[in-house]
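There are 2 protein chains.
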Amino acid sequence: MRVAVDAMGGDKAPHEIIKGSILAAQQLRDDDIILVGDENTLSRELNTYGAIPKNITIHHASQIVQMDDPATYSIRQKINSSITQSIELVAHGEACAVVSAGHTGATVAASTLHLRTLKGVRRPGIAAALPTRQGVCLIIDIGANIACKPLHLFQYGVMAAVYYRCIFGIENPKVGLLNIGEEDAKGNDLVKDTFTLLSNSNLNFVGNVEGREIFDNKANIVVCEGFVGNIILKFAEGLSMSLLSTIKTEALKSFWTKLGLWLCKPAFEPLKAKMDFAEYGGAPLLGVNGICIICHGRSDSKAIQNAIKVALKLSKYKVNEHIVSEFEKINTLTAHVV
Amino acid sequence: MRVAVDAMGGDKAPHEIIKGSILAAQQLRDDDIILVGDENTLSRELNTYGAIPKNITIHHASQIVQMDDPATYSIRQKINSSITQSIELVAHGEACAVVSAGHTGATVAASTLHLRTLKGVRRPGIAAALPTRQGVCLIIDIGANIACKPLHLFQYGVMAAVYYRCIFGIENPKVGLLNIGEEDAKGNDLVKDTFTLLSNSNLNFVGNVEGREIFDNKANIVVCEGFVGNIILKFAEGLSMSLLSTIKTEALKSFWTKLGLWLCKPAFEPLKAKMDFAEYGGAPLLGVNGICIICHGRSDSKAIQNAIKVALKLSKYKVNEHIVSEFEKINTLTAHVV
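From first to last, the protein sequence lines stand for chains X and C. So for the first sequence, my numbering puts the first residue at 1; every next one is plus one. So for the second sequence, my numbering puts the first residue at 1001; every next one is plus one.
Watch out, some of these pointers could steer you wrong.
As the list claims (entries may be wrong) - Within a straight-line C-alpha distance of at most 27 Å, the following computed BS3-like cross-link-like pairs (lysine-lysine) qualify:
#1 X/LYS265 - C/LYS1253
#2 C/LYS1309 - C/LYS1234
#3 C/LYS1218 - C/LYS1019
#4 X/LYS234 - C/LYS1234
#5 C/LYS1174 - X/LYS186
#6 C/LYS1012 - X/LYS234
#7 C/LYS1186 - C/LYS1218
#8 X/LYS248 - X/LYS218
#9 C/LYS1274 - C/LYS1329
#10 C/LYS1149 - X/LYS149
#11 C/LYS1186 - X/LYS272
#12 C/LYS1054 - C/LYS1234
#13 X/LYS272 - C/LYS1174
#14 C/LYS1186 - X/LYS149
#15 X/LYS318 - X/LYS329
#16 X/LYS258 - C/LYS1272
#17 X/LYS174 - X/LYS316
#18 C/LYS1234 - X/LYS186
#19 C/LYS1274 - C/LYS1218
#20 C/LYS1019 - X/LYS149
#21 X/LYS174 - C/LYS1258
#22 X/LYS258 - X/LYS174
#23 C/LYS1012 - X/LYS274
#24 X/LYS272 - C/LYS1019
#25 C/LYS1192 - C/LYS1174
#26 C/LYS1253 - C/LYS1218
#27 X/LYS265 - C/LYS1265
#28 C/LYS1234 - C/LYS1272
#29 C/LYS1149 - X/LYS253
#30 C/LYS1272 - X/LYS265
#31 X/LYS248 - C/LYS1192
#32 C/LYS1309 - X/LYS258
#33 X/LYS218 - X/LYS272
#34 C/LYS1234 - X/LYS253
#35 X/LYS234 - C/LYS1174
#36 X/LYS234 - C/LYS1054
#37 X/LYS186 - C/LYS1248
#38 X/LYS234 - C/LYS1309
#39 C/LYS1192 - C/LYS1234
Calculated directly from the structure, the hints in this document are not laboratory data.
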């Protein structure tokens, strides 16, 4: 199988993207990586590594989507961008999956346009892993769709359950609905109607999940609209960094607390590892007809390496076939829902 | 001035509510506290303290709003509840402010019904303080209004700026709009239209604020709809507890990290103080014709004591008169907005 990697996307592109791709390629036996981007730049960068793994090739793309390009502009005016060209490789069957740490909006727009959605899927959604006390909680959607209907949210639950099964090996993951109270009747119209759809489904629906319960493993998957998901994911990043920096600043104020912090260091390591998004190998855009892994803009080689692994795992598990088969089962149930 | 305290509301009522009221009363010279609740229960509890401050009286209320009572039911069927009776005292001019750690929905509904909104205000909103690296960020709304229009959000900005000036002494606080990106054109229709209103106002509007920027002091006030505000506030609570408990669990695993944690303890104290909602004296429901302070359900005596102080400070500052005067200035600006 072949994974197309957008080598020009991300704060640390192309250096870390290429490094991550080489690390991944070295561990692959029968799979290949296609680096997509400016041929000269990529060749020069690859040559610094000496022997290039045979399973890495270059696919030329002359343009780059800049972070301040509007997503719609990028798909119309930059059809030769590394993002669009990577996705085109999947659309034409030349790759099974795409990995990009570039412009998220452009990746979502180009994937939806060129790969199209899977049969029955109304809107694709991005599922991101949030570390909790005892594992991870998958939040879907974190920003692909900010004008949600109940059916979109319901479908996110179905798709995320298939994905969770594939990646985390839990057969019947608990699905929750992000809301402002635990009671069934809480929330705005969107969540109330979604609650009904989820309650009547064959998902392992555990009801409403409040903000604080995300960390209590009440649910393996938490469904929310992209606007809310995006805000809480970034909020989690800001809050974690703020807490840790406050502890550090305070600890550096005296000799004994400084010593204490030094001794305590190993206790912070598992936390840092947990909080390191690079461990999770990016967030899949679920619902498009192809595998698309969206990585954090700050992704380093480890993040890219893991994202490539996840992309291949999803392809081999045939996650999209499983999603389509789930949708065939539920389509009769939701056929009347607009 | 007199503050009505709902003595039956909150997880630790009436014990901690009464204790907090006594602590506050002992520090007041010319102000009084009216404890609202079941007369027998309150008298019995007060008697355990020996000498009761002369500036504390009891106002009998025979009913209690339970946490699982729907808000609409409570205002219709429990008109003799401690919440409604406390608010009635303000409505009838017998108290200048109400403090409650009881059912938030019932407090919002009863306040809106009995106090009415201030002239020009469309919807009241709850403003809560979130500790950041260098101070606090005020989030409005955190759950009073989950069906927001742009004008509601805009008005939250105006009211919160007056409140911030009063409590934190900053003349022209920075107001931001919670959104999924920094660029002006980001977000759903609600935030886009709110962005325009805020941009054209005389507020110190700093533009869109992303989830992670809340902790960077980009804005003193962050405006959002109640659904999102409620989720992130509870999310912050869950994430902070999860992070600290992970550090503790890991540190207790070996002798040296355990010793380190013990030495490091003083470094955690400022963080704990920052995170302690009791320090902030509750969250005001801004926009009703009276002062209403909503406390956390888990409020202890310190939280109640601080909430009473805040209530009196707002009354003396005549925060509502300032809000009305601000609204008179802006009404010509927003007269065409529905």
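The hints, checked one at a time:
1. X/LYS265 - C/LYS1253: This hinted pair holds, its Cα atoms lying about 12 Å apart.
2. C/LYS1309 - C/LYS1234: 25 Å, holds
3. C/LYS1218 - C/LYS1019: 38 Å, violated
4. X/LYS234 - C/LYS1234: This hinted pair holds, its Cα atoms lying about 15 Å apart.
5. C/LYS1174 - X/LYS186: Violated, at roughly 32 Å.
6. C/LYS1012 - X/LYS234: Cα-Cα ~34 Å, so violated.
7. C/LYS1186 - C/LYS1218: Status holds; Cα separation ~17 Å.
8. X/LYS248 - X/LYS218: 31 Å, violated
9. C/LYS1274 - C/LYS1329: Violated, because 36 Å separates the two Cα atoms, which is more than 27 Å.
10. C/LYS1149 - X/LYS149: Given that 27 Å is the threshold and the Cα spacing comes to 18 Å, the pair holds.
11. C/LYS1186 - X/LYS272: Violated - the C-alpha atoms of X/LYS272 and C/LYS1186 are around 31 Å apart, more than 27 Å.
12. C/LYS1054 - C/LYS1234: Violated, at roughly 38 Å.
13. X/LYS272 - C/LYS1174: 33 Å, violated
14. C/LYS1186 - X/LYS149: 19 Å, holds
15. X/LYS318 - X/LYS329: Holds, at about 17 Å.
16. X/LYS258 - C/LYS1272: 18 Å, holds
17. X/LYS174 - X/LYS316: Holds, at roughly 24 Å.
18. C/LYS1234 - X/LYS186: Holds. C/LYS1234 to X/LYS186 sits at ~15 Å (cutoff 27 Å).
19. C/LYS1274 - C/LYS1218: With a Cα-Cα distance of about 19 Å, the restraint between C/LYS1274 and C/LYS1218 holds, given a limit of 27 Å.
20. C/LYS1019 - X/LYS149: Roughly 48 Å separates the two Cα atoms, so the pair is violated.
21. X/LYS174 - C/LYS1258: 35 Å, violated
22. X/LYS258 - X/LYS174: 42 Å, violated
23. C/LYS1012 - X/LYS274: Measuring from Cα to Cα gives roughly 35 Å; hence the hint is violated.
24. X/LYS272 - C/LYS1019: 42 Å, violated
25. C/LYS1192 - C/LYS1174: Given that 27 Å is the threshold and the Cα spacing comes to 19 Å, the pair holds.
26. C/LYS1253 - C/LYS1218: 39 Å, violated
27. X/LYS265 - C/LYS1265: Holds: X/LYS265 and C/LYS1265 sit about 14 Å apart, inside 27 Å.
28. C/LYS1234 - C/LYS1272: 16 Å, holds
29. C/LYS1149 - X/LYS253: 47 Å, violated
30. C/LYS1272 - X/LYS265: Holds, because 20 Å separates the two Cα atoms, which is no more than 27 Å.
31. X/LYS248 - C/LYS1192: Answer violated: X/LYS248 to C/LYS1192 is near 38 Å, above 27 Å.
32. C/LYS1309 - X/LYS258: 37 Å, violated
33. X/LYS218 - X/LYS272: 23 Å, holds
34. C/LYS1234 - X/LYS253: Violated, at about 31 Å.
35. X/LYS234 - C/LYS1174: Between X/LYS234 and C/LYS1174 the Cα gap is close to 20 Å, so the pair holds against 27 Å.
36. X/LYS234 - C/LYS1054: 51 Å, violated
37. X/LYS186 - C/LYS1248: 34 Å, violated
38. X/LYS234 - C/LYS1309: 34 Å, violated
39. C/LYS1192 - C/LYS1234: 25 Å, holds
Violated hints for the displayed structure, listed by number in ascending order: 3, 5, 6, 8, 9, 11, 12, 13, 20, 21, 22, 23, 24, 26, 29, 31, 32, 34, 36, 37 and 38.
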